[in-house]
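Quick note, the sequences are listed as chains A and B, same order. Okay, so the first sequence: first residue is 73 according to our numbering, each after it adds one. Okay, so the second sequence: first residue is 139 according to our numbering, each after it adds one.
These aren't lab readings, by the way, just hints derived from the structure by calculation. Glycine included, each C-beta is placed from N, C-alpha and C at the ideal position. Don't take every hint at face value.
Stated by the list, open to error - Label-pair restraints from in silico Cβ distances:
id	chain 1	residue 1	chain 2	residue 2	range
1	B	Tyr-192	A	Thr-142	31 to 37 Å
2	B	Gln-236	A	Pro-111	39 to 45 Å
3	B	Gln-140	A	Ala-154	36 to 42 Å
4	A	Asp-145	B	Lys-251	40 to 46 Å
5	B	Ser-249	A	Arg-149	35 to 41 Å
6	B	Phe-202	A	Ala-74	23 to 29 Å
7	A	Met-113	B	Ala-154	27 to 33 Å
8	B	Gln-236	A	Gly-125	19 to 25 Å
9	B	Ser-249	A	Glu-173	40 to 46 Å
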Amino acid sequence: NAGVTQTPKFRILKIGQSMTLQCTQDMNHNYMYWYRQDPGMGLKLIYYSVGAGITDKGEVPNGYNVSRSTTEDFPLRLELAAPSQTSVYFCASSLGLAFYEQYFGPGTRLTVT
Amino acid sequence: AQTVTQSQPEMSVQEAETVTLSCTYDTSESDYYLFWYKQPPSRQMILVIRQEAYKQQNATENRFSVNFQKAAKSFSLKISDSQLGDAAMYFCAYRMIQGGKLIFGQGTELSVKP
């Protein structure tokens with residue numbers, strides 16, 4: 073199992089550009105999450121999904137969109153990139169809620185200039 | 139709203155010694171889950187240990203153990219026999235009983251001196 077994979081690993085965007093961060097998991101997990109980690113801070117939830125076709129907002133959803141058409145994939149879309157979106161983005165998945173372990177991808181470092 | 143606070147931005151320990159990382163949290167819930175994650179320079183988030191709030195017994199995983207004080211809303215991590223590979227950022231996290239999202243503290247950077 074590859075676990076949770078994310079692409080790209082690094083990206084530099086200009087202000088106003090758009091991009092999609094890809095996330096794929098091969099563990100057949102229903103639950104998937106997107107977090108962002110700002111320098112010197114813990115992770116904050118952007119969006120999450122409890123299954124294909126079902127998504128919901130987390131703490132910091134503004135400026136982002138998600139979709140979940142399959143169990144495996146959970147892409148994060150950035151529209152009109154802003155410098156405030158410079159961060160490291162982590163995708164995670166879990167078999168269930170609550171006590172179940174969340175498995176994290178390696179992260180995508182995004183810089184918006 | 140739930141919050142998690144780690145008051146030690148940096149900690150240092152001598153190899154083979156013991157170190158304790160502090161975490162406090164605020165919640166009005168009676169049942170929840172608590173986690174410690176390790177983030178080495180590779181950025182990979184790795185689960186170290188987890189605790190169910192309704193269990194009084196402190197969780198242990200090999201050299202890692204917690205001191206869970208529910209009334210004080212405290213959840214510290216003890217690392218025994220510290221190894222160079224333990225050097226990393228450590229995050230404390232909270233999760234509601236039926237919750238999906240993890241709420242993270244700000245992190246504590248642990249360095250291990252040989």
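**Q.** Hints breached by this structure
**A.** The structure breaks hints 2, 3, 9; every other hint is satisfied.
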